[in-house]
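A.B. asks: Read off the chains here:
2 protein chains.
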Amino acid sequence: MDTHLHHEEKHLRSSNFLTDIVIGMSDGLTVPFALAAGLSGAVSSNTIIVVAGIAEIAAGSIAMGLGGYLAGKTELDHYETELKREYSEVENIPEKEKEEVKTFFANIGLSKDMQDKAAEEISMDKKQWVDFMMKYELGLDKPDPKRATKSALNIGLSYAAGGLVPLSPYIFIDTPLDALKISAVLTLLSLFVFGFFKSRITGINPWLGALRVTLIGALAAGAAFGVAKLFQL
Amino acid sequence: MDTHLHHEEKHLRSSNFLTDIVIGMSDGLTVPFALAAGLSGAVSSNTIIVVAGIAEIAAGSIAMGLGGYLAGKTELDHYETELKREYSEVENIPEKEKEEVKTFFANIGLSKDMQDKAAEEISMDKKQWVDFMMKYELGLDKPDPKRATKSALNIGLSYAAGGLVPLSPYIFIDTPLDALKISAVLTLLSLFVFGFFKSRITGINPWLGALRVTLIGALAAGAAFGVAKLFQL
Numbered sequence: 142m143d144t145h146l147h148h149e150e151k152h153l154r155s156s157n158f159l160t161d162i163v164i165g166m167s168d169g170l171t172v173p174f175a176l177a178a179g180l181s182g183a184v185s186s187n188t189i190i191v192v193a194g195i196a197e198i199a200a201g202s203i204a205m206g207l208g209g210y211l212a213g214k215t216e217l218d219h220y221e222t223e224l225k226r227e228y229s230e231v232e233n234i235p236e237k238e239k240e241e242v243k244t245f246f247a248n249i250g251l252s253k254d255m256q257d258k259a260a261e262e263i264s265m266d267k268k269q270w271v272d273f274m275m276k277y278e279l280g281l282d283k284p285d286p287k288r289a290t291k292s293a294l295n296i297g298l299s300y301a302a303g304g305l306v307p308l309s310p311y312i313f314i315d316t317p318l319d320a321l322k323i324s325a326v327l328t329l330l331s332l333f334v335f336g337f338f339k340s341r342i343t344g345i346n347p348w349l350g351a352l353r354v355t356l357i358g359a360l361a362a363g364a365a366f367g368v369a370k371l372f373q374l
Numbered sequence: 142m143d144t145h146l147h148h149e150e151k152h153l154r155s156s157n158f159l160t161d162i163v164i165g166m167s168d169g170l171t172v173p174f175a176l177a178a179g180l181s182g183a184v185s186s187n188t189i190i191v192v193a194g195i196a197e198i199a200a201g202s203i204a205m206g207l208g209g210y211l212a213g214k215t216e217l218d219h220y221e222t223e224l225k226r227e228y229s230e231v232e233n234i235p236e237k238e239k240e241e242v243k244t245f246f247a248n249i250g251l252s253k254d255m256q257d258k259a260a261e262e263i264s265m266d267k268k269q270w271v272d273f274m275m276k277y278e279l280g281l282d283k284p285d286p287k288r289a290t291k292s293a294l295n296i297g298l299s300y301a302a303g304g305l306v307p308l309s310p311y312i313f314i315d316t317p318l319d320a321l322k323i324s325a326v327l328t329l330l331s332l333f334v335f336g337f338f339k340s341r342i343t344g345i346n347p348w349l350g351a352l353r354v355t356l357i358g359a360l361a362a363g364a365a366f367g368v369a370k371l372f373q374l
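First to last, the sequence lines map onto chains A and B. Just so we're on the same page, our numbering is the position in the first sequence counted from 1, plus 141. Just so we're on the same page, our numbering is the position in the second sequence counted from 1, plus 141.
Same shape as in the complex, but just chain A:
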């Protein structure tokens, strides 16, 4: 049942993919950057920062990737559980279910007479009736079964790609504080560009959005740096 108009369906599909990239990339840029920045204030060798950074990227991309996979899988399981329940309700308590259809039409503003007629028409076909209940009583869209796997890959790879940006200066430069300067410039620039395009996609003022995303990265790194200095023995 395609009740959204066509152009909107397209919008929703692309935004799933983009949401995954945005989630993975923004955390991948921010968290390894902040971790490396924090350690720069606490240790004197870049080796330990690179090892910690790589461990963090491996951990983060797997956790986020599998997290994305699980989220997709859970959504699918949930949909199928509810679908079975709706079929059994339409079978066993049709009058109560018909009342729920009428309530929907009452809430969108149809007259009493129209509510009854519309509920009669909807409930003539069982599949149509259940599809209606799933979408408009429960607010559930049928999830794409392949989406869980795609989502996992997109998020995980974006996280890893994002994480290599702040970490790379520590590989080529010897002292932590020197590497931190280049890492900060590279990462904050990337966050700005990333935030700009992310905002354009979601229809927000892109300059404001870019500033917001950059500020989060700077704040997280600053906090990590301060906290690590505080706990340094």
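Since the hints were derived computationally from the structure, they do not count as laboratory data. Treat the hints with caution; some may be incorrect.
All copies of an identical chain are treated as equivalent in the list; a pair is satisfied when it fits inside any one copy or across any two copies.
What the hints assert, rightly or not - The calculated SDA-like cross-link candidates involving lysine to any residue, where the alpha carbons are at most 25 Å apart (straight line), are:
#1 Lys225 with Trp348
#2 Lys287 with Leu349
#3 Lys276 with Ser264
#4 Lys276 with Met255
#5 Lys291 with Thr355
Being a predicted model, the structure only gives us computed values, none of them experimental.
Starting from the known structure of chain A, arrange chain B on it as the hints suggest.
C.D. replies: Below, chain B alone, put in the same frame as chain A:
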């Protein structure tokens, strides 16, 4: 406009809060655990692991918390932009908008005659018409304006709370590999319990869900440990 039935509204509200806690907590348990595990394979002092862990928790909770805040804020901005556009469309191209209402009713299975009558009734009141378009053409629910701030706090605090579990053994025990054993037991147990309740809430088989979540944590930690050993100089 409350078109979802009452019990479902309640379900959706609690699941927003739970989603935040679940997002924050599962990443908070998983990523600092995996980072500490990775470093345990690469360094000989727990001090550096505690400093890195605390830096990561500070960075992660700020990045995720502000990330949650931004996501909520973006949703609100997006809703308001679309709301203005719908009001102007209903004003300027009412015939086209009425066609879209009819298309909606055609897709859910109403007869041609009912589509026309229902579209007439909906479009009699401009606010009702726009609310209908927002929700059923665009699939947008009015976001709670306070939600962005609440979401930020919930996610950030859950991340920090989760992160202290795997890190605590490294504070009280001297050698990394000994601390890792206790950290692994504590964290995997927490992930199991957490995964169990998370699955119960989302209506999934709780034992299967608990296993899934625990497995992600173990895999992320294992990968971080392996990768850190590989890159260790």
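A.B. asks: For each hint, tell me whether it holds in the structure or not.
C.D. replies: Here is what the structure says about each hint:
In this homomeric assembly, lysine 225 and tryptophan 348 come within 25 Å of each other (Cα to Cα) only across copies, at 21 Å, whereas the closest approach inside a single copy is 47 Å. When the C-alpha separation of lysine 287 and leucine 349 is checked against a cutoff of 25 Å, the pair qualifies only between copies, where the shortest distance is 20 Å, while the shortest distance within a copy is 35 Å. Taking the shortest Cα distances, lysine 276 and serine 264 sit within 25 Å of each other both inside one copy (15 Å) and across copies (22 Å). Within a single copy, lysine 276 and methionine 255 get their C-alpha atoms as close as 20 Å, and across copies as close as 20 Å, so both meet the 25 Å cut-off.
For the homomeric pair lysine 291 and threonine 355, the shortest alpha-carbon distance between copies (21 Å) is at most 25 Å, but the shortest distance inside one copy (28 Å) is not.
The structure meets every hint from the earlier list without exception.
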